[in-house]
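Letter by letter, the chains look like this.
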Amino acid sequence: DQQVKQNSPSLSVQEGRISILNCDYTNSMFDYFLWYKKYPAEGPTFLISISSIKDKNEDGRFTVFLNKSAKHLSLHIVPSQPGDSAVYFCAASSQGQGAQKLVFGQGTRLTINP
Amino acid sequence: GAGVSQTPSNKVTEKGKYVELRCDPISGHTALYWYRQSLGQGPEFLIYFQGTGAADDSGLPNDRFFAVRPEGSVSTLKIQRTERGDSAVYLCASSLTAGGNTIYFGEGSWLTVV
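So the protein lines, in turn, are chains A and B. Using the numbering used here, read the first sequence as starting at 1 and increasing by one per residue. Using the numbering used here, read the second sequence as starting at 1001 and increasing by one per residue.
No lab work stands behind these hints: they were computed from the structure. Just so you know, even glycine gets a beta-carbon here, dropped at the ideal spot from N, CA and C. There's no promise every hint is true.
Said to hold, decoys possible - Derived DSSO-like pairs (lysine-lysine); straight-line CA-CA distance at most 30 Å:
#1 54(A) / 5(A)
#2 101(A) / 1078(B)
#3 37(A) / 68(A)
#4 1078(B) / 37(A)
#5 37(A) / 1011(B)
#6 1078(B) / 1017(B)
#7 56(A) / 101(A)
#8 56(A) / 37(A)
#9 1011(B) / 101(A)
#10 101(A) / 71(A)
#11 71(A) / 37(A)
#12 101(A) / 68(A)
Stated by the list, open to error - Only some residues are given here: those of chain B computed to face chain A with a beta carbon under 10 Å:
#13 1003
#14 1033
#15 1041
#16 1044
#17 1050
#18 1051
#19 1056
#20 1062
#21 1093
#22 1095
#23 1105
#24 1110
#25 1112
Next up, chain B with everything else stripped away, as it sits in the complex (with noise of 0.2 Å):
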């Protein structure tokens, strides 16, 4: 497609539970950002993916939350023991490059815990 595409669109999970969340960024597009979104707030910043490698993991909360882009393109948002406070929407995001480009937004991924 020609945009962001983040799936699943919404996960309903238990307490304790894993969760995956991935993200097929724009194509030809080197950076890859997830930023989560709790109810009344703007987006937050977790990680941010240059190339494979993640260039800056400041905004991810705790141990439990990892993300990977094994090959540069497909990234994946990995969530171990979730709690009812990780329920917000995931977004996704890549630009051209890092630094001074126009970040596109996927739709999101809506994660409920209960």
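In isolation and in its complexed conformation, chain A is listed as follows (with noise of 0.2 Å):
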């Protein structure tokens, strides 16, 4: 029973261009969402997350948007930079259950070609 789903293992873009992950869930109690990025041989690192109460979250190059109804997020990295390489997952969590525990998804890898 996958919660959150991440359906592209992979993503190749072009350096500059706009790189767009997609993830979707399935529970509905979910109300914060997540991204981490992970490289290799190291643990996830946080870069954005969004509460249910919002639509839209931006950090510099990131944004992270959030369709309810849909039950569907996305991280939009623009513009992309090789740095941008790694594992990408999103997670979700239910503040009503504690938000301590957070269900991930598969991963997306993420090349960012120059």
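Each of the two chains sits in its own frame; use the hints to bring them together as a complex.
This is the structure we're talking about:
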């Protein structure tokens, strides 16, 4: 029972272009969503988050969009840079059940080509 | 150190042996989490501590897995009678308090059961 799904295992984007990573969830109790970035042999690093009361959150080159009716969120990176090449995980939690228990997707490997 | 520290970084053990994995959270963080990441998957929640007590251990797969945090800082994840299916990266994370705070991950302990 995969409650958080990232259906694209990999994505390749040209440097300078926009990278769009997608994530779908099934549990309507989820109300807090996060994106993590992971380099090889390192732990996941927090990127950006969004609460269900918002539909957009922006931080520099990173923007997360949330569509609650579709149970879908996306991460936009613009412009993409070679250092953005990593595995990206989306994660979700329910504040009512304690935001400490994150449910992760399977990850999308992003490759930025020079 | 400034980040979450985990030891050992790599552990190879024989099937049936006992293993301990250690986590030293960020100083001052009261909440500590253990996650497990298998190849090609996202991290899966195992257990969460608030202070010394296990607030939620619902992710522990069976009674061979146990974790302690006796003084509210360092935590040890203990696995008895290891099986080949236990092979994974075990990630520890901490946050200032539980709920709504950024969770910071360590680099993980890669366990291989042969």
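### Query
Which earlier hints can't be squared with this structure?
18, 20 and 25
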